[in-house]
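So the sequence lines, in the order shown, correspond to chains F and R. 364 is the number of the first residue of the first sequence in my numbering; add one for each residue after it. 247 is the number of the first residue of the second sequence in my numbering; add one for each residue after it.
Simulated from the structure, these hints should not be mistaken for laboratory data. Heads up, the beta-carbon is just placed ideally off N, CA and C, and yes, glycines get one too.
Below, computed lysine-lysine pairings styled on DSS-like, alpha-carbon distance capped at 27 Å:
1) 583(F) x 563(R)
2) 319(R) x 364(R)
3) 333(R) x 364(R)
4) 498(R) x 775(F)
5) 775(F) x 563(R)
6) 319(R) x 332(R)
7) 362(R) x 408(R)
8) 580(R) x 563(R)
9) 319(R) x 333(R)
Far from chain R, some chain F residues (derived; all Cβ distances over 10 Å):
10) 389
11) 455
12) 575
13) 655
Each chain, letter by letter, is given below.
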Amino acid sequence: MSPVMLLTLIAGLALAGYVTAKARALGLAGGDARRLASLPGFYGQNAALAALIPALVVLGAAMALDRIAARSEVFAWWSGLADDIPDLASWMALGAGALGLGWALSRTRADYRARVASERWIMVLLIGCASVAILTTLAIVLSMLFETVSFFRQYPWTEFLFGTVWSPDFRGNSALGILPLLWGTLYISLIALVFAVPVGLFAAIYLSEYAGRRMRGIAKPAIEVLAGIPTIVYGLFALITVGPLLRDWLAQPLGLGTSGSSVLTAGLVMGIMLIPFVSSLSDDIINAVPQSLRDGSYALGATRSETIRQVVLPAALPGVVGAVLLAASRAIGETMIVVLGAGAAAAQMHEGLGRLVNPLEAMTTVTVKIVSQLTGDTDFAAPETLVAFALGLTLFIITLALNVLALIIVRKYREQYE
Amino acid sequence: MTPAPPRKGSLLERDARTRRRNASEARFQACGLGAIGLGLVALVILLGSILGNGTSAFRQTRITLDVALPAAKLDPKGARDVDQMKKVTTLTYGPLLAQALRDRIARDGIDVAGLKPKDVGDLISREAAAQLRDRVLTDPALVGQTVSVTVLASGRIDGYYKGRVSPESAALDSNISPAQLQLADALKAQGDLSTPFNPDFLTAPDASDQRPEAAGLGVAILGSLYMMIVVLVLALPIGVAASIWLEEFAPKNRWTDVIEVNIANLAAVPSIVFGILGLAIFINFAGLRASAPIVGGLVLTLMTLPTIIISTRAALKAVPPSIRDAALGVGASKMQSVFHHVLPLAAPGILTGTIIGLAQALGETAPLLLIGMVAFVREYPAAWSPENGLFGEPSTALPVQIFNWTQRADPAFFERASGAIIVLLAFLLVMNGVAIYLRRRFERRW
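When you get a sec, could you build the whole thing from the sequences and use the hints?
Pasting the structure below:
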């Protein structure tokens with residue numbers, strides 16, 4: 364049975380349920396809707412949902428079981444069953460729909476509260492949709508966990524976590540240490556934050572404390588435009604403008620490097636990307652500081668900048684820290700800017716500190732390597748491919764920790780003045 | 247604390263300490279202004295660099311020629327049967343174009359020193375022969391006639407008129423010689439060569455590494471459109487339903503708190519992680535086809551959901567409780583009060599949030615790289631096909647096409663990439679503009 368055919372049948376079942384249940388309810392009331400507990404439409408709605416929801420749930424479950432059975436021995440009985448009976452999943456779905464419909468029709472009586480029943484079905488739908496978010500997180504964790512486990516079966520986890528060399532080779536003998544990638548990630552993020560945090564914070568301070576209405580009306584949206592620009596645009600900007608500029612005016616005259624892609628290129632461009640992020644978050648937080656604190660400070664004779672530095676910022680500090688943590692999480696997970704701006708060679712951890720901290724050296728990050736190990740022809744049995752899932756899991760855990768920490772700090776702080 | 251010593255001097259004259267404090271005030275303020283200035287300068291440089299590099303992608307150098315289409319070569323059987331004529335490859339059409347250009351040079355009496363006869367044909371793009379063949383195959387009656395055609399010039403000639411290629415760089419380049427540039431100048435003087443607006447950039451499919459002049463965004467725009475349809479159809483209803491439950495019905499307990507933290511975290515999960523999810527679940531587990539818009543759409547749906555949920559909840563929260571109370575007061579159920587009264591009032595806010603979410607999804611690149619959308623695709627994907635299902639044909643997407651072009655060797659592709667970014671930004675501008683308009687037009691202050 365083709366999917367289109369099946370969906371049409373299920374929809375037909377639901378429609379038929381609507382019409383029959385409505386007619387039946389009206390018939391039981393002798394054609395007088397006033398004798399019914401609910402409006403006739405609710406009897407129909409209840410029957411239609413009672414057919415539709417079980418059918419779709421069973422269909423989804425059967426399809427998922429199909430896929431699990433293809434991978435796992437435990438569910439092999441299912442594939443045996445599915446081979447014996449053609450269109451098993453479709454018939455089960457239709458059967459579930461018919462059962463639900465029959466149940467709803469059997470309960471259709473004049474005093475049956477059909478509105479309450481149909482609203483219960485709608486509630487099921489709403490909760491189902493809300494759990495999609497939970498399921499997504501679960502799917503993220505599980506999908507990466509499974510592949511990471513099979514990666515660690517082929518490659519010792521100690522060498523992955525503490526290895527200082529990254530040189531994957533699809534012919535074997537790869538060294539897959541994460542430390543050089545983590546170093547590149549953290550170094551680039553650090554440069555981005557060193558640029559973005561002061562600029563973003565000062566911009567937020569100026570906009571919320573000094574700027575007049577007109578200035579705020581123009582400058583705030585203009586800075587927020589930076590947040591709406593896709594990262595691929597920043598990546599191209601790094602590749603064709605910033606990279607060559609830094610190479611020709613900084614790296615080559617100083618003799619520090621010859622490549623257009625470098626830590627500084629990626630870090631600076633990422634910093635530009637993060638400015639609106641830091642500034643709009645800090646702006647909200649600074650605005651949340653009560654005016655009475657400022658007035659008290661002015662009354663003691665402090666200037667505006669003294670008030671900001673000694674009263675407003677300390678009061679807003681937890682929130683600002685939260686904003687910086689969120690920005691850091693953004694920077695660590697950023698992909699396109701580093702793919703195009705930072706280069707593909709992993710940091711060399713054995714060639715002296717000079718090369719390791721040289722900001723004009725090309726370096727690579729965790730995200731770049733996830734992309735490069737998973738694009739092109741990939742073999743999902745090789746550790747060189749599977750390592751990408753372990754990298755992804757590491758990235759997810761780091762950003763999760765930063766996000767949750769930031770959320771807790773911001774939440775706690777927000778309650779303080781409310 | 248000891249009391250400060252009595253102040254000496256006049257109140258009308260600032261003492262050293264006051265001057266210092268005021269100077270520090272001025273410095274602080276200048277720092278703030280400088281930060282904003284830096285942000286704005288960065289924005290201007292960013293946009294300026296993209297516009298400066300990319301606007302020329304919308305113009306393309308073309309040569310107008312009168313090509314003789316001899317029946318003996320193009321249709322040896324003489325039956326004007328399209329299937330027979332398909333056996334004649336572009337290798338036959340290429341020399342016809344080169345001959346037409348040589349004839350044109352002879353007619354105009356152009357004489358360029360050091361120009362080899364072979365060089366003349368290289369002025370024309372390799373894509374031109376294929377385009378001529380397509381034209382003949384759709385209209386076999388042209389065979390035997392002499393038709394006037396406008397064909398693409400080669401990428402280097404095009405680069406010459408856009409400032410990428412100069413006579414000095416041509417001398418070092420094996421693909422072009424200074425003599426060819428002189429010839430192009432002579433043709434331009436005769437009016438046979440010009441650089442007009444190039445609509446093909448928006449409609450043509452991608453082209454191979456050697457033919458940057460023919461590359462276009464048609465497939466990429468189509469693929470992005472398909473994905474946006476998937477995102478809209480899935481993310482809007484699911485997101486609105488989830489927000490309604492969370493905002494209106496969910497009990498306040500630990501379980502719902504977990505969901506809330508979870509949604510806030512999902513909004514900040516790196517996009518590349520969603521790509522890994524898509525690869526593992528939709529392609530490896532569910533068996534959907536790599537580089538299909540449906541997979542990209544599903545991944546982007548999951549990414550967009552938190553954005554839509556957050557803005558929808560804000561919109562629902564902004565509807566005053568008195569509306570709900572009034573509905574409940576006249577006998578509506580909780581569900582009816584939400585669906586009949588709260589939801590319509592929150593609709594403009596929800597729509598605004600959805601458009602902004604879609605705009606984010608449109609520019610997202612990293613997850614799409616992992617699900618194979620970076621593949622080279624020249625066929626326009628069909629929205630539905632019996633063997634691949636809905637949105638199942640291989641495709642590419644606008645931001646991924648940009649990335650793809652940045653990885654090519656020929657610098658002409660950088661111009662294409664910048665041009666594609668202009669197209670992308672134009673789409674984003676329109677979407678955000680609509681969102682702002684909706685907000686201004688329909689926003690209600692209670």
